[in-house]
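Novice: With chain A's structure known, arrange chains B, C and D on it following the hints.
Protein chains in written order, with my numbering: chain A, 1457 to 1946; chain B, 1457 to 1946; chain C, 1457 to 1946; chain D, 1457 to 1946.
Keep in mind that the hints are not guaranteed to be accurate.
Since copy identity is lost for identical chains, a pair holds within one copy or between any two.
Unchecked claim - Subject to a maximum C-alpha distance of 25 Å in a straight line, what follows is the list of computed BS3-like cross-link-like pairs (lysine-lysine):
#: 1; residue 1: Lys1803; residue 2: Lys1534
#: 2; residue 1: Lys1613; residue 2: Lys1626
#: 3; residue 1: Lys1587; residue 2: Lys1613
#: 4; residue 1: Lys1830; residue 2: Lys1812
#: 5; residue 1: Lys1830; residue 2: Lys1803
#: 6; residue 1: Lys1626; residue 2: Lys1587
#: 7; residue 1: Lys1534; residue 2: Lys1743
Hint data in this document are derived by calculation from the structure and do not stem from the laboratory. These numbers were taken from a predicted model, which means no experiment stands behind them.
Spelled out from the first residue to the last, the chains are:
Protein chains: 4
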Amino acid sequence: MISDSFHPFDDDKLHEECGVFGIIGASDAAAHCALGLHALQHRGQEAAGIVSYDDIHYHQFSAFGKVGDSFNSEEVIKGLPGKTAIGHNRYSTSGKARRAANIQPLFAEVSFGGLALAHNGNLTNARLLKKQLVEEGSIFRTTMDTEVIIHLIALSKGVDAVECLVDALKQVQGAYSMVVLAEGRMIGVRDPLGVRPLVLGRLGSSYVLASETCALDIIGARFERDIQPGELVILDGENPPQSLFPFVRTGQRFCVFEYVYFSRPDSQVEGRAVYEIRKALGRELAKENGIAADIVVPVPDSGVPSAIGYAEAAGLPFELGIIRNHYVGRTFIEPGDQVRHLGVKLKHNANPAVIKGKRVVLVDDSIVRGTTSKKIVQMVRDAGAMEVHMRISSPPTTHSCFYGVDTPSQDQLLAHQMSIEEMRQFIGADSLLFVSVDGMYRATGEASGRNAGAPQYCDACFTGDYAIPVVDNETDGLPLLDSVLVETAS
Amino acid sequence: MISDSFHPFDDDKLHEECGVFGIIGASDAAAHCALGLHALQHRGQEAAGIVSYDDIHYHQFSAFGKVGDSFNSEEVIKGLPGKTAIGHNRYSTSGKARRAANIQPLFAEVSFGGLALAHNGNLTNARLLKKQLVEEGSIFRTTMDTEVIIHLIALSKGVDAVECLVDALKQVQGAYSMVVLAEGRMIGVRDPLGVRPLVLGRLGSSYVLASETCALDIIGARFERDIQPGELVILDGENPPQSLFPFVRTGQRFCVFEYVYFSRPDSQVEGRAVYEIRKALGRELAKENGIAADIVVPVPDSGVPSAIGYAEAAGLPFELGIIRNHYVGRTFIEPGDQVRHLGVKLKHNANPAVIKGKRVVLVDDSIVRGTTSKKIVQMVRDAGAMEVHMRISSPPTTHSCFYGVDTPSQDQLLAHQMSIEEMRQFIGADSLLFVSVDGMYRATGEASGRNAGAPQYCDACFTGDYAIPVVDNETDGLPLLDSVLVETAS
Amino acid sequence: MISDSFHPFDDDKLHEECGVFGIIGASDAAAHCALGLHALQHRGQEAAGIVSYDDIHYHQFSAFGKVGDSFNSEEVIKGLPGKTAIGHNRYSTSGKARRAANIQPLFAEVSFGGLALAHNGNLTNARLLKKQLVEEGSIFRTTMDTEVIIHLIALSKGVDAVECLVDALKQVQGAYSMVVLAEGRMIGVRDPLGVRPLVLGRLGSSYVLASETCALDIIGARFERDIQPGELVILDGENPPQSLFPFVRTGQRFCVFEYVYFSRPDSQVEGRAVYEIRKALGRELAKENGIAADIVVPVPDSGVPSAIGYAEAAGLPFELGIIRNHYVGRTFIEPGDQVRHLGVKLKHNANPAVIKGKRVVLVDDSIVRGTTSKKIVQMVRDAGAMEVHMRISSPPTTHSCFYGVDTPSQDQLLAHQMSIEEMRQFIGADSLLFVSVDGMYRATGEASGRNAGAPQYCDACFTGDYAIPVVDNETDGLPLLDSVLVETAS
Amino acid sequence: MISDSFHPFDDDKLHEECGVFGIIGASDAAAHCALGLHALQHRGQEAAGIVSYDDIHYHQFSAFGKVGDSFNSEEVIKGLPGKTAIGHNRYSTSGKARRAANIQPLFAEVSFGGLALAHNGNLTNARLLKKQLVEEGSIFRTTMDTEVIIHLIALSKGVDAVECLVDALKQVQGAYSMVVLAEGRMIGVRDPLGVRPLVLGRLGSSYVLASETCALDIIGARFERDIQPGELVILDGENPPQSLFPFVRTGQRFCVFEYVYFSRPDSQVEGRAVYEIRKALGRELAKENGIAADIVVPVPDSGVPSAIGYAEAAGLPFELGIIRNHYVGRTFIEPGDQVRHLGVKLKHNANPAVIKGKRVVLVDDSIVRGTTSKKIVQMVRDAGAMEVHMRISSPPTTHSCFYGVDTPSQDQLLAHQMSIEEMRQFIGADSLLFVSVDGMYRATGEASGRNAGAPQYCDACFTGDYAIPVVDNETDGLPLLDSVLVETAS
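Looking at chain A on its own, in the form it has when it is part of the complex:
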């Protein structure tokens, strides 16, 4: 449900596709894992799953819906015994058939025993590999790219799980941060460019892997370090972490959108505080694009840190000019034409006491399709604003992502279709300005901006500079099984 998210207007945002978590060597591993997934809920709300291991059996529980709606009973947690557990949050891909088999972690029985795997990211040659695998006799049960890795592992002649995993990963291309459970060990691995985040933490004598540090905080674990791009770390519950670097390194391209929007503001990602970077983005925005105004109003809640930064840099008062209604239910019947922009009003109300007669700077983090921005601008005008200036704390989103982010096809991106002036007219603001690419880099601490030819981040959605070749034509999951079988949800 949109209304429950960090990002009330996230019908017009890009979305992270997954969060992963794992812990080894802890009593109550599954309970810790559920808490970690809860802290990572903003990375995926469609479904959640946990696989635990008690030195004899693997145990699996998964369900559609949020972590707190499923992993909340003694009964469920008791059904996941053992000192090791890995888990996964899946993003809600509304509109597609919900397929229970697609919930991760994936589990398979292979030659060396059980194998559980949770994956954040997206492979870019999975379709091609799947075609070859099916021709050789592999049977796929999901429509996920991740299953390709499982089959490559099952067919590998490696001597143990690590060898089989490396063997498999050398055949795939794309972005991945993964947590794997096999042979009593937990393995974490990041793709060679490190597009998706993965951190290592410690809780007493147990080790933790998680997409973000906020998942360490909730269980009181200490942040140790980021897993490095291309690193494979082996945790056996007793010895110190053992690191391998089995892949050829070609640089480092962490996803800059994690700073802009995806990660939780209280996470430290790649050594930097997300909240501070967002405030810095707001400051850059004020410097680059200042305008005479009376108040700075965030689009709740995504725009709050950058609005604080903007207000600070611009010397303007920060005001809650838009009030959220936290109780949004599913749908409402619109009572005729009298009620305009109901979709927005169900979730928000522009606060007339704050806005009336004012020149308002509205701050948001991004514009994807622009439909919601248009409604917000109108709502603020209806509440009596004299001027409405929209400021966006990221550059225009002009390209689709193929590395694990759910983006509309390129021709649905407003910034791909229109100039900034056309966008301004479309959303109805008096002015519209975005932070520059270099300004964004500066906010992350890169004083000289983007290194031409050797960018420090993956910024393909802003620049079209794709760091990993996109082998498959289609970007959204693996259509091969879908093209044959249409499952109706039961």
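Specialist: Chains B, C and D alone, transformed into the frame defined by chain A:
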């Protein structure tokens, strides 16, 4: 569910018990009514009901849960035809048996035809009246004080609904703002002291009654005026509102807690903007209780406006030092002692990047039992705060409310049991300070504070000055039926 | 759900509206009560309720659906403590709004304390009484005639519950068998003509009241005797039953349809074994209407006992020529015109091995609208029957019932609209014959048939001889509240 | 739910594990398929699934529960477009984890395209094959033996689906009747001994495959012929059926228990009417084991046809001495020791009017553990029977089945543990007699009984003569995956 509210720590807040809404003369009356109740959802989340009237029949639909979870289908709205509709939100009285019959509006067939009634407030002589009524042969179906009014109406010999209603209200004592539907007319009425709010709005040619103006905003209705204390207004769908003042007036005592916490920050109550009063409370707090500090951090979300006011008056930066997790589910299993203060951490995380090494002013609006404040202070300390100063934008809550607010019994109120210094020790802050009663009055615009002997507001929860005699011993509903019948929820 | 009943074709049967049960002086009273209601499930499947009394409080639980679907957990039964409990099964009045308030036993708090009441039957002057009561200030919460009795009791000036009850019953007309709980006593009462059944049983030192003896069998209770027409029996849990006869007696008119169809075949009603009477009806049918044939086939399951009697008297083999499918679900989509008579085929299949080439006597107990009979005859023909002779073990149903049976309005009764020859053509049988009224009386043991002018049974549905005046125009519940309020199920 | 079955005492019966159905060349194929599965519901109630094919895609819907509870909406049927559809009913394996992936038909994408397969029966070397397959890199998703066939097909190098299927089946041992959908064709196949049934029918120009003829009757299809043991029939929707016999034939061993109990009484199996064979079993029983008695009473409903045959041969009256309650819910709380044998009484009541003072012959079809028989005998005695003689229309069940029937392990079979005299004492009857093996064969039309050394049926459960070697040690599904992964139902 706590986590979905405006007030994430509302397990330690006082709670409004109801919201009311009515509209007459509108096509799609029920759809408008559902939207109005949605905007008033913060006043009650246990259940919602609507009764509509189509000039022939009354139509009723009610359900447990939030408005958006029930009144969201064409089918439901089509089942509520007619140009007049009234509705009611009920507060979740967790712990008591959920009794479907208790969902309002109440409906009865009486001598003059159908009668529907929605009530916000609490009667203080209902037990006594009920005892007399049962002895005379009236049969009660609910445990609500409101039903007493229905029976008094049914037994009245008045010539029409208005006469019967006035007749009934002259026999009751307490606080009430009510919306009534009978004889094709909608009637609004406030008790003589005007304890609970009720406003009149207009949408085209139709009239609206609502607890707060935010319910007018959502349907695009224009705010006309507050219904006055002791006023009974008759709306017949054609003629201008007709006002009666059938009760002896004894002053005006609007509930000051509506400003402090209950009402939505975007509502205008009794002619004043709630958001501005809250900011003013923050400013008063800074003036009265300033201390050297580095940052001002609101307890989300209730403390935000007063924290903005505080930061402004104190010249300190306003920072989001506590981050909410909007995805809180039902319950979690605590994984042993390693995870301290889990209840708070499920909903929040102190943002270390903001807090570490800082002298923090935490701003909240009230303290009831203090248990949550204690956990928040600890969480902020754990994140590295050097000092934690708690500031409360209302006076200490020392007394229970008998006029429609769900309060713990007096001996569970922290401020009733302890001195402020003891409270400070209990919650573990370096300092704890409340706004003064006069400061609170000043923030509402009463420049000289509280008028001794003739207070402008009902402030019994802060002062123990009860404006209406409490006839019944018990304060929570009517135990008479409960004491005989124990219904198990089915 | 039709398919789960004793009577698979009961979409074309008359229906009993209720079953009642009560027990006093038993530990586990509620568990016994649930079992008793389960045994009486054929008398009503829409909803069930139990009220227990533990010498201090009354406890109530009720739910839509069958007894075994609701009263099946420790939790529910523990919520109904005490040594006394009464219960009620309600018939599924499909098509009308399901109104939770209509589930019995009704409970009210009146001047002498709590009062619970379960009623089988129908009052014939309830509308008139209700109108008067509303004008005097009584507020109704249900649409049931039974509530009139509750209000009359509440308004009575009697000194105790028995006096108030007798006072109330003297004002009503109609058919009723009731079980009442008040002042620690259980009271059973039958209307002066004894239209509906009520029996007294004993289990150890506790006493039981039930609609039929099969409810005694299931808990191992001993059948004591039928409650007599006009008798009011008081059971206080200690002393022997105390009987009163407060009403003027005007004869005895037990409902003959209880023998024909309503009661369970293993019940003894008014001192006679239902199964034996049904077999006797089959024998009378063979005697009156014998025809040359090869096999006798019952319409399952209602026609089985009379088919056995018929086969015996006619000297023909009894064969299961129609096989039931016990697994019928809710609905199916008809796949085009190829599948004829699907509704019947979902529940039955004519067994070709039995029927092919045979002259078949089909035996059923009654025909109401005739639509199902038509489909069965066709199905048997399709399976290869040479001749199909339909035999009905009751006289033609020509009149509606106003005494507690759900009947279509008179003009929907096939036997009211058509001659027997026209009916035969309508259902497509080679012959159609009914048992005569005198034959039916003989089967019940009345050797000389029906006493002209002084019939031994209520047989109004066959003869139009209504023993109790029908004061109200409408027969189905009390339309007064319904005509004002339309409740949507939530 | 036990109570809804054909066989009210089926907690003490053997159970068929599956029913299969397929249709090709029909508009509304899925609707026909749902009806066919409904008619086969007695062969499995845990879950049902359908896969349809519309010449482009395969479409799948499956759900736990009965067919009529899931395949009952326009929406579901519309989600299964195309002129070809196959379906499967699964037996309720209560006590094991319900695993959604185990619902058939299984679907896989293989080298030649989509493949759907529905299987009735059980393989006896599946564990061994699975072990080999996993070692080679196949990944299993279910715990069913059937999945082995799918993987063998996927790995086959055959040129088309038929070649691959034959290739796979030549590697498996066991009992199977299967319906397969691939390459636009529907394929039916029976194992070489023909243990499980499979019939071919015709509806207009479309062809139908089904486990029993009752599934043809419900859609109005004409019975064409039984598929022969070892036959593989190919239906392409246009040409006449094409038959292959790819396996070495070793005789014919149809499961005799299909006649005794499994098949519906209105089915024709292997050219014989099940109902007539059951009556003949009753007649043989009377001939072999006649005793002086007053009435013959069937144990409902399984014993009815044989009781009719017995009564006819013995010249005794057939009476419904045990009445079913069709409304059985889930569970009940037993109210103390007063209520004996409640489990039986919830579903049945011995009819005292029939039984009292009589010498009763009770007829049932089989005894597995004997626990229910014991309770029935006691119930009949409690109702006043003078003598109780139990007669069973099959030989003693002494051995487990490994060919698709859910049997207790051998040491739980009463007839394996005890002599007939000991069994008589255990169930408490005055006499207990079974039909002989030769008598059973005679009832099926084999005039000279069982051919020594060359039996005409699979009768292993009565004789221990296992026609197919049992390679795997364990008989119940494939424990290999279960032994690694424990899935909690979600």
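Novice: So, for every hint listed, does it hold in this structure?
Specialist: Each hint tested on the structure:
1. Proximity of lysine 1803 and lysine 1534 under a CA criterion of 25 Å is satisfied inter-copy only: 24 Å between copies versus 38 Å inside one chain copy.
2. In this assembly of identical chains, lysine 1613 and lysine 1626 lie within 25 Å of each other by CA distance solely inside one copy; the values are 14 Å within and 28 Å between copies.
3. In this homomeric assembly, lysine 1587 and lysine 1613 come within 25 Å of each other (Cα to Cα) both inside a single copy, at 20 Å, and across copies, at 16 Å.
4. Taking the closest pair of Cα atoms, lysine 1830 and lysine 1812 come within 25 Å of each other only inside a single copy of the chain (19 Å); across copies the shortest separation is 39 Å, beyond that limit.
5. For the homomeric pair lysine 1830 and lysine 1803, the shortest alpha-carbon distance inside one copy (15 Å) is at most 25 Å, but the shortest distance between copies (31 Å) is not.
6. When the C-alpha separation of lysine 1626 and lysine 1587 is checked against a cutoff of 25 Å, the pair qualifies only within one copy, where the shortest distance is 17 Å, while the shortest distance between copies is 27 Å.
7. For the homomeric pair lysine 1534 and lysine 1743, neither the shortest alpha-carbon distance inside one copy (55 Å) nor that between copies (54 Å) is at most 25 Å.
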